[in-house]
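For this one, chain C is given, so just place chain L on it according to the hints.
Number of protein chains: 2
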Amino acid sequence: MKAHIVTVGDEILLGSTLNTNAAYIGEKMSEIEINVGGASVAPDKIDEIVGEYRRVWKKADVVFSTGGLGPTHDDRTREAVVDFFGCQLVGDKDVMEDIKERFDRLNRPLAKINEDQAMVPDCAEPIRNKRGTAPGYWIERDGKIFVAMPGVPHEMREMMETFVLPRLKERVGESAAHTKRLTLLTTGIGESNLYDKLGDIDEISEGGELAFLPTLGGVRIRITAVGETDKEADEKLQAVEQRIRGKAGRFIFGKDDETLAEVVGRLLKDRDLELAVAESCTGGLLSSMLTDFGGASDFYERGVVSYSNASKVEILHVNEDDLNAEGAVSQTTAKQMAEGVKAVSAADVGLAITGIMGPTAGGSDKPVGLVYVAVADDDGVTVKAFNFGDDRRQNKVRAATAALDMLRRVILGISIDA
Amino acid sequence: MKAHIVTVGDEILLGSTLNTNAAYIGEKMSEIEINVGGASVAPDKIDEIVGEYRRVWKKADVVFSTGGLGPTHDDRTREAVVDFFGCQLVGDKDVMEDIKERFDRLNRPLAKINEDQAMVPDCAEPIRNKRGTAPGYWIERDGKIFVAMPGVPHEMREMMETFVLPRLKERVGESAAHTKRLTLLTTGIGESNLYDKLGDIDEISEGGELAFLPTLGGVRIRITAVGETDKEADEKLQAVEQRIRGKAGRFIFGKDDETLAEVVGRLLKDRDLELAVAESCTGGLLSSMLTDFGGASDFYERGVVSYSNASKVEILHVNEDDLNAEGAVSQTTAKQMAEGVKAVSAADVGLAITGIMGPTAGGSDKPVGLVYVAVADDDGVTVKAFNFGDDRRQNKVRAATAALDMLRRVILGISIDA
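If you read the protein sequences in the order shown, they are chains C and L. In this text, residue positions in the first sequence follow our numbering: the first is 1208, and each later residue adds one. In this text, residue positions in the second sequence follow our numbering: the first is 1208, and each later residue adds one.
Calculated from the structure, these hints are not laboratory results. Certain hints may be false.
Identical copies go unnamed one by one, so any copy, or any two together, can satisfy a pair.
In silico DSBU-like links for lysine-lysine, alpha-carbon gap of 30 Å or less [to be verified]:
#1 Lys1266 with Lys1209
#2 Lys1376 with Lys1300
#3 Lys1573 with Lys1476
#4 Lys1387 with Lys1376
#5 Lys1591 with Lys1307
#6 Lys1454 with Lys1307
#7 Lys1252 with Lys1209
In isolation and in its complexed conformation, chain C is listed as follows (with noise of 0.2 Å):
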């Protein structure tokens, strides 16, 4: 089966809006083994939007399509069914109902606008919101399907998993190809670095087709691999999978949809330790990628964000004089802010980060982009240096990436030089 996703939205086109909605689908279509061949974005115009459907109906098994059904006047995917399809709008009472108690349960007045959303293509099985107001359509035709979802992503999403992919799930069945994906992340390693690293491409990925997806964090390494069955398919991307690590282990922090935050927080849970952090130049950033997780306060116990150098004082307990003789960008800064917080919160592991963001340098004579990362433990303290670039927010991601990294590094035992 062959999917098409059509993004209906000019806040897509302008820019203003990522479409995180396009992702979310694709990423679910290849979980149940439905090859996404395109995905386009159309303005919001009906002829537009028609004009996209007629073209993506001829070369798709389902097409999706978000964004466009909100109550406003600027939502036009509505109209653009109802022509595509050639049918009529009813009021559905189920729908209605789902509306009224929504505005009940929020203690907030109904909208006039609202009620009208309540109106459905009669050629169309209303998807029930269960997030907001305006129904999604399911609709068979032609042996094809057409699923129109709104445009807000936890409600699209809501409706992907309650109705549509059961039902599509169904309907794929045992006809699907045996395809297994697995994408290997790496990090602290630039991409034709690795590549060189893994040496001659077509004996390690043998069985295998690979394709490598640089990011801000590191560098993901996709494999698939196709077998007659599931159990061939997933072989192949194993042995394609062992040969890769055996070449470039050490960057390998992760599969798939992980993160590195979450990888580092198992490794601490699993051995029982507790983490404190302290942060300047990141500004929190390292805590809340670390906390992205329920049951994070299993491992991460506090986290300061030392600004000021009276807070890198006060809490962290790093020495004045060092601190006015060296800097708060520093060796020495950075092994007493680590050294500091696992002090003061009795934690097993403090983990510091001190650098300089940019865009400028704020008064110090070090280069933008400079960034000192220590890891305190029971054994002792480890310093390294990193040298990133100009861009402010890159920099806050690479240097929060560098630091959890480390820690993987100092936790597992790995070298802690490329």
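For chain L alone, kept in the frame of chain C given last:
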């Protein structure tokens, strides 16, 4: 002039990478009055890429292609360009020099596959890459422009800023339609209630067009106005803006690509106020948002991520008996956290968040999504309770956003009730 953006890459269709490049190009085109009529994604297959170039070349005056120019075997864009334009690869001295210099500077060995990147289609003017190795291409034919750039965002952006945008601006010159756009950013009110509050939309939007864009942090209202001159378009825009502000002013925190954190930071800085933050459930996100911009140290003094109860007592001096009696997620704890962080830091304002982010309540009998925010200043403390949903990461963003908006309202003397 009309543009179309083609993004090349299986990783976009598979949903493992967000299409930030298309968003960036869309935004830049709207700034120079080039209308992006559509956007699409092609898989890493030469035929599919060429097919997509063929289709959109008919519709657009400028075609952008990003991705697939890297050094590895899964990068197929260069071949597709050669095929589509019927040209040949030739070695480019300047590009070779750039690549050598780059590897010398980074003190890294030149990988063999990088040398091949100096081979460029002879129908193209190479766009030199200051942040990576793959050059981009600028091709003019049939009065149209074709631009190919690498998919790595910071490489692509640098090429856009230094090469592509200056050239396109020249071409657009005086011929552009006088279209002006403005996005008003609201928070703390839902889409349909905001729509209702505005009343008669035709009256409000007279002389312009409105679009409503709901996001996790709030609803954005985009206004578009067209005039015979820039001045006329601007005047129409401002008239619509004023009418919207008259109806829903207190929900509007900013414009265009401002963030709420940036706005709050500016409010603090303008009033010479220092801020200290104490957060538990948001795990550092609030501090990270506040420090995403250069100059944050002018208003941000320190932050404490008081995840454990011990850290609330030790660093923030929350009363241990109250904490045990009322729990970490309570009005009293929020209040004492805000007062505590203000006192220990000697900052002018203390901002605190405590809540239950989910997915589970972690032993508490309070509901997932319950969050207390407190603002302490020299006039006293204000506390407010919020009820969010059950998605942990969304709740982190919602809670941090609610805290920033509460601080904004307190500073500006706007009621904290909806």
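Hint check results:
1. Lys1266 with Lys1209: both (8 Å within a copy, 25 Å between copies)
2. Lys1376 with Lys1300: Result: close within a single copy only, 28 Å intra versus 53 Å inter.
3. Lys1573 with Lys1476: between (37 Å within a copy, 25 Å between copies)
4. Lys1387 with Lys1376: Answer is within; shortest intra-copy Cα gap is 16 Å, inter-copy 46 Å.
5. Lys1591 with Lys1307: between (59 Å within a copy, 27 Å between copies)
6. Lys1454 with Lys1307: Between. Shortest inter-copy distance 26 Å satisfies the 30 Å Cα cut-off; intra-copy 60 Å does not.
7. Lys1252 with Lys1209: both (26 Å within a copy, 16 Å between copies)
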